[in-house]
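Given the sequences, and given the hints that come with them, work out the whole structure.
As you go down the protein sequences, you meet chains W and Z in turn.
Heads up: the first sequence is residues 1 to 366, going by the working numbering.
Heads up: the second sequence is residues 1 to 146, going by the working numbering.
No lab work stands behind these hints, which were simulated from the structure alone.
Glycine residues also receive a C-beta, built at the ideal position from the N, C-alpha and C atoms.
Where hints are given, some of them may not hold.
[Claimed, not checked] Label-pair ranges, simulated between beta-carbon atoms:
#, chain 1, residue 1, chain 2, residue 2, range
1, W, Asn-180, Z, His-64, 56 to 62 Å
2, W, Glu-4, Z, Leu-25, 58 to 64 Å
3, W, Glu-30, Z, Gly-89, 22 to 28 Å
4, Z, His-64, W, Leu-49, 36 to 42 Å
5, W, Asp-28, Z, Pro-124, 53 to 59 Å
6, Z, Asn-20, W, Tyr-67, 46 to 52 Å
7, Z, Ser-33, W, Asp-226, 35 to 41 Å
8, W, Lys-206, Z, Ser-100, 15 to 21 Å
9, W, Leu-291, Z, Lys-3, 30 to 36 Å
10, W, Glu-186, Z, Val-145, 52 to 58 Å
11, W, Met-8, Z, Ser-6, 50 to 56 Å
12, W, Asp-28, Z, His-64, 45 to 51 Å
13, Z, Ser-16, W, Asp-183, 52 to 58 Å
14, W, Asp-28, Z, Ser-100, 25 to 31 Å
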Amino acid sequence: MSTELVTMNIGPIHPSTHGVFRMRVTFDGETIIDAEPIIGYLHRGSEKLAEERTYTQIVTLTDRMDYTASMTNNQAYILSVEKLSGITPSDRGVWLRMIAAELQRIAAHSVAIGFLINDLGAWHTPLLYLLREREKILELFEMMCGARITNSYLRPGGVFMDAPDEFWPSLNKFLDDMPNRLDDIENLLTDNEIILARTQNVAILKKEDAINASITGPMLRASGVDWDLRHRNPYDYYEKISFRRPLGTVGDNNDRYLVRLHEIRESLKIVEQCLDLIEPGPVKPEEVPFLVRPPEGESYVPIEAPKGELGFYLVSDGGISPFRCHVRAPSLINLTLLRDMVIGYKIADLFVTFGSIDVNMGEVDR
Amino acid sequence: MTKVLSGSEIEDILSSSFNNQIESLGNDYVQISNEKSLDLFNYLKIEQKYELLSSVTSVDRISHFEVVYHLTSLQKNESLVIKINCGEGRIDPKVKSVISVWRGAELQEREIYDLMGIMFEGHPNMKRLLLWENFEGHPLRKDFVS
Chain W
1 MSTELVTMNI
11 GPIHPSTHGV
21 FRMRVTFDGE
31 TIIDAEPIIG
41 YLHRGSEKLA
51 EERTYTQIVT
61 LTDRMDYTAS
71 MTNNQAYILS
81 VEKLSGITPS
91 DRGVWLRMIA
101 AELQRIAAHS
111 VAIGFLINDL
121 GAWHTPLLYL
131 LREREKILEL
141 FEMMCGARIT
151 NSYLRPGGVF
161 MDAPDEFWPS
171 LNKFLDDMPN
181 RLDDIENLLT
191 DNEIILARTQ
201 NVAILKKEDA
211 INASITGPML
221 RASGVDWDLR
231 HRNPYDYYEK
241 ISFRRPLGTV
251 GDNNDRYLVR
261 LHEIRESLKI
271 VEQCLDLIEP
281 GPVKPEEVPF
291 LVRPPEGESY
301 VPIEAPKGEL
311 GFYLVSDGGI
321 SPFRCHVRAP
331 SLINLTLLRD
341 MVIGYKIADL
351 FVTFGSIDVN
361 MGEVDR
Chain Z
1 MTKVLSGSEI
11 EDILSSSFNN
21 QIESLGNDYV
31 QISNEKSLDL
41 FNYLKIEQKY
51 ELLSSVTSVD
61 RISHFEVVYH
71 LTSLQKNESL
81 VIKINCGEGR
91 IDPKVKSVIS
101 VWRGAELQER
111 EIYDLMGIMF
121 EGHPNMKRLL
131 LWENFEGHPL
141 RKDFVS
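As structure tokens, then:
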């Protein structure tokens, strides 16, 4: 039975839109027949602001893009600056930023899973278990650099300060505890009948469609494509590290959840390997000046951020600030297929699908 | 390690059928002409397996605007950069939309139109993405005073 179509506005202020995301959705009864994302509510013009700041100052702008993953944002930006200006980072600095980046991945995936379960209607209980683990990581970051969310920890050439002595036992304790906490979370969620019913075979994303729409990160791997830039394009010292790359088979919401959960375990292993390989030394080479002045040219170094391929396209004219700074934002590009993925499903599936894509509005709008 | 192709390596790939479309070579990019760019992109995607469009972006070069494409081949683990000059001068810059080749350009081309004011011919929904409809000007242009 067909009914009169209803067009409804969802967001920008809505608990399930993960920030200020807005959708104009047309329904036939409860079935979605059209969905248009409308974004820009958090646009701060970061790319324009970057053109008036020095290369070191821009680090603070990158924090505020994907604010659940500041460390990896810093890393993508710093790698691009280092390539542009030919800076060789110091060993200890690289290991420290890899530890920071992997801890950040655990924190970001915890947020992603927690809010996905929240969107499913399991109000707050699973989310709080995951946020509790994230809190421990934020405390570790606080020890490392004094900040919890907007870290600004990295600098061209490494990081700005060494982790203090009390950081290492706390990190070891976290690495010992976290697998057990993950087991608890898996026991609670993975085989839960309601979660399976709500996520399996919902919003299936096919391999070819995902690649054609430039979708990257856990979303691409959930569709079964073995493409992880840490493995295929090992930046920093990832070539010295071994880890598995969890892949999905169907490409539905459940696969996207599982890929993230398994990636947390792999990140823990990566941090452990980094701890074995890190050695004392300077965290940043002495000769790197405060005002980095790269020669004329351009650089783009993509990295595997928690959301997908993140890269900064920097163009230098030889000055102290970039001539152009473009952010390849995975959150924005992963939204390309939202409409195609939700059409034909029910209104309740819309939020679950949106949650499983895992976007961060700070990065979508920049 | 993903191999980043140098300008002359990209030229080697393109020279067989698209030699007359190459306008200039850089260290790590090739600038092609806007005419028949879709044929060239289709060739890169289908024949050369550059199936992932990593990013589309634009630069205001003062004398002209350019659009920059970063392409990645998942099978060969290679990446390359193609640039298109949007015509001399700053008035009415436009290039052809690559949505028919890579769907991933959809939101990125809208973003470029919004912030840099470059039109993408053939884009089905060419309107502002981040700013509101009545906004005047394009903020990423160098002559936009904030």
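Hint check results:
1. W/Asn-180 - Z/His-64: 56 to 62 Å: holds (59 Å)
2. W/Glu-4 - Z/Leu-25: 58 to 64 Å: holds (59 Å)
3. W/Glu-30 - Z/Gly-89: 22 to 28 Å: violated (53 Å)
4. Z/His-64 - W/Leu-49: 36 to 42 Å: With a Cβ separation near 24 Å, Z/His-64 and W/Leu-49 fall outside 36 to 42 Å, so the hint is violated.
5. W/Asp-28 - Z/Pro-124: 53 to 59 Å: violated (23 Å)
6. Z/Asn-20 - W/Tyr-67: 46 to 52 Å: About 48 Å separates the Cβ atoms of Z/Asn-20 and W/Tyr-67, which means 46 to 52 Å holds.
7. Z/Ser-33 - W/Asp-226: 35 to 41 Å: holds (36 Å)
8. W/Lys-206 - Z/Ser-100: 15 to 21 Å: holds (19 Å)
9. W/Leu-291 - Z/Lys-3: 30 to 36 Å: holds (33 Å)
10. W/Glu-186 - Z/Val-145: 52 to 58 Å: holds (54 Å)
11. W/Met-8 - Z/Ser-6: 50 to 56 Å: holds (52 Å)
12. W/Asp-28 - Z/His-64: 45 to 51 Å: holds (48 Å)
13. Z/Ser-16 - W/Asp-183: 52 to 58 Å: Since the Cβ atoms of Z/Ser-16 and W/Asp-183 sit about 56 Å apart, the hinted range of 52 to 58 Å holds.
14. W/Asp-28 - Z/Ser-100: 25 to 31 Å: Since the Cβ atoms of W/Asp-28 and Z/Ser-100 sit about 29 Å apart, the hinted range of 25 to 31 Å holds.
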